Amino acid sequence: MILPVHHALRRHVAATLTSLYGLAPEDQPALTIEVPPQRRFGDLASPFAFELARRLRKAPRAIAAEVVAALGPIEGVARVEAAPNGYVNVFLDRAAFLRARLSNPDAADRSLSSPIPREKTIVEHTAINPNKAAHIGHLRNSSLGDTLVRLLRFLGVPVEVQNYIDDTGVQVADVVVGFQHLEGKSLDEVRAIAREARFDYYCWDLYARVTEWYEADKARLQVRADTLHAIEHGEGEAAAMGHLIAEHIVRCHLRTMARLNIDYDLLTWEGDILRLHFWATAFDILRKNGSVFLQEEGRLKGCWVMRIDEDPTAGEAAGTPDAMPADAVSGEDVDEAEQREKVIVRSNGTVTYVGKDIAYQFWKMGLLGRDFHYREFARRIDGAPLWATTSDEGALRGGVDPVPAFGGAHATYNVIDTRQTYLQKLLKQALFTMGHRLEAERSTHFAYEMVALTHATARELGYDVSDQADRPFVEVSGRKGLGVKADDLLDRLIEKALEEVGRRNAEIGAEAQRRIARQIAVAALRYFMVKFTRNKVIAFDIDEALSFEGESGPYLQYSAVRAQNIFGKLKERLGLDKAAVEAALADAERSALEGPEADDVWDLVLQCSRLDEVAEQALRALELSLLAKYAFGLAQAFNGFYHRHQILNEPREGARLWRAAVAAYFLEQITRALDLMGSAVPERM
RNA sequence: GCGCGUGUAGCUCAGUUGGAUAGAGCGCUCGCCUCCUAAGCGAGAGGUCCCCGGUUCAAAUCCGGGCACGCGUACCA
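Numbering (this note's numbering), first residue to last: 7 to 691.
Derived by calculation from the structure, the hints in this document are not laboratory data.
Among the clues, some could well be false.
[To be verified] Calculated pairs, PhoX-like style, for lysine-lysine (alpha carbon to alpha carbon, straight line, at most 25 Å):
1) K431 with K126
2) K126 with K294
3) K431 with K307
4) K486 with K224
5) K191 with K431
6) K635 with K542
7) K502 with K486
8) K502 with K537
9) K542 with K434
10) K434 with K294
11) K486 with K126
12) K635 with K537
13) K434 with K486
14) K542 with K431
15) K542 with K486
[Said to hold, decoys possible] Between beta-carbon pairs, the in silico distance windows are:
16) D232 with R293: 26 to 36 Å
17) K64 with T424: 31 to 41 Å
18) A516 with T427: 41 to 51 Å
19) R257 with E501: 18 to 28 Å
20) A36 with A516: 51 to 61 Å
These numbers come from a predicted model, not from an experiment.
Built from N, CA and C at the ideal position, the CB exists for glycine as well.
Build out the structure end to end from the sequences listed, making use of the hints.
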């Protein structure tokens, strides 16, 4: 890990700037530390002299030279140079650096070096409507969400993972309508169907048919409204059927996600928010302080609304330069004001999604003064209980395991696609206007763009998308049944990986082959989902996603497997394991690591060490593709090393040992990086 | 209309809170398995970083103004 070195460097430079120029730490520029483009420039570099040039009225080059001369020795640093252009370049003690990384795995120095607050954080992700199978759009959400969770945990932040289940919404109601009105099924009949395999696929098709059924006669939308009302109020067979459907579909989703190494601590059911009067409590608070009021006239008459403030920071800059056109009449202003009101409670008394979510968000932050009851819903991947909220007070007593203290977080991340940015802004504003300024600041909407299909892939899957011919890609639509189901995609990936694994490893047996193929498929899919920056629409192309070459998850795995194989053979031929290599380094001849001819070997070590720096950067920027790109670059660097420098066939013992040490460090770091993306290193490929 | 996002190689995309010669994957051309696995490696061709102006030692990156595309702006979520 490299961050401790950064910190030591900053401390020394800051002290020197103080003693040399009388600059107090708070007057100093941010001491940016970069990786120079070429190794001959150094291992780390800082351009601080450029920033100080103006203030000190000196050439950057002179400042750099003075600071370097006064710097004194720094632990782990071999030498510091002032470059002719003004950069300050730092050269590390290579051998000492590598040995320290190998023997001192991580946790200790990681906690020292990061300014990230290590307080309870809730990450909400997945939140698929429980009325149909999961598709690739959902996969982007849960892959990003789970990677974010792993990243936070890697950085030492305690995380609680929640999956919000909208069991009382329109989408579940639609499937109930399908069963009752299109198929004429009773509750018992639906129960029987739900027990069969692929209930989520069944509902996928039914849901699409319901959409068509509405379209054929708009009057049928009244059926939906009635059904939704019944579900919200827990009345009759519709409510029971809705509950049954949601419960079974959620289990389907959990199975799908478990295949991708994704799971949760708690399922929060929207129905419980209603039944336990979370909303009523939140509404009370909002109404009392005036955040929400009853609109008595106009378009929204009879609704409880919340006024949406303009961004307070935007006010200043809005000064109009010249005379505004006078035709902006006052009537339009009124319209605009009205448009800036968001309905929280409809005139028929039902609560919108925003309302329910406000209550949920209050609870997450420990501001509601109420709590759910809990039940054990299933078991997690590791065998621990997966909890769900419930309205049943008695449920607590049934469990064997003590119920953890859910909610009451210091910070939250809501992983929700960018189309809901407006709603998420409202949520934050609700917190803010209630005086919970800090909580509002610590509520983060992790927004990402949607997944669409390329035209080629849509055609290949047999969809008629001629109506979207003029658009750059084809939008996925659960409502129309247009999309790639997560399990189908994963099955195809496994099948393809299995072919390749079987060809290369005929001798290892079918079960091992299948296990490896699954690991490869997961890495392929999850890497694909995080390698794009989050505000880029993914035009999903089946052939591209099925590729195991180039910038892909399997490429990363392959590089790790190569390193693994070297250690297998080292053990087999020379009886050396990782510990033995480490122990032997103390006396080993270092020339394999020193000098310009070893720059590329050393470069790999340096890159390996940057995982902590990249992890922190990825979290700060909320850009998980940084992690993906880093891991890919690391694998590339190792593959280059692998081809240029032999280990097993290297006759000089010193070179062999140091290179083996480099491979060991690489394997350690690439394994961690893959794990952050929910992927494993296969035993072989 | 307003708000947010995007625009970089033939295609898909990176480009680290402004920094050293603008990169990767795919595709294309050529080369590398007697040697730790070729799911790999190397070489080559390929650029008006959407356009115009500004800020400064330095701009693909920041600011202003345009253009194009996407999303949002619901008593849906």
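Going through the hints against the structure:
Under the criterion of a C-alpha separation no larger than 25 Å, the hint pairing K431 with K126 is consistent with the structure, at around 22 Å. Only pairs whose Cα atoms come within 25 Å are accepted, and K126 paired with K294 is rejected, the gap being roughly 30 Å. Simply put, K431 and K307 have alpha-carbon atoms about 24 Å apart, close enough for the 25 Å limit, and the pair holds. About 16 Å separates the Cα atoms of K486 and K224, which keeps this hinted pair within 25 Å; it holds.
This hinted pair does not check out: K191 and K431 have alpha carbons roughly 41 Å apart, beyond 25 Å. The suggested pairing of K635 with K542 holds, with an alpha-carbon distance near 15 Å, which does not exceed 25 Å. A C-alpha spacing of about 28 Å is found between K502 and K486, which places the hinted pair above 25 Å, so the restraint is violated. About 21 Å separates the Cα atoms of K502 and K537, which keeps this hinted pair within 25 Å; it holds.
The hinted pair formed by K542 and K434 meets the criterion: a straight-line CA distance of about 24 Å does not exceed 25 Å. With a C-alpha separation of about 18 Å, the suggested pairing of K434 with K294 holds against the 25 Å cut-off. For the suggested pair K486 and K126, the alpha carbons sit about 40 Å apart, so the restraint of at most 25 Å is broken. At roughly 7 Å between alpha-carbon atoms, K635 and K537 fall within 25 Å of each other, so this suggested pair holds.
Note on K434 and K486: the hinted pairing is violated, with a Cα-Cα distance of about 32 Å set against a maximum of 25 Å. Between K542 and K431, the direct Cα distance comes to roughly 20 Å. Compliance with the 25 Å bound is thereby established for this hinted pair. Note on K542 and K486: the hinted pairing holds, with a Cα-Cα distance of about 24 Å set against a maximum of 25 Å. For the pair D232 and R293, the supplied restraint of 26 to 36 Å holds, since their beta-carbon distance comes to about 29 Å.
Against the hinted window of 31 to 41 Å, the Cβ-Cβ separation of K64 and T424 comes to about 47 Å, which falls outside the hint. In this structure, A516 and T427 meet the distance hint of 41 to 51 Å, their C-beta atoms being roughly 48 Å apart. Hint check: R257 to E501, Cβ distance near 25 Å, so the stated range 18 to 28 Å holds. Roughly 57 Å separates the CB atoms of A36 and A516, a value that falls within the hinted 51 to 61 Å.
The earlier numbered hints that this structure contradicts are 2, 5, 7, 11, 13 and 17.
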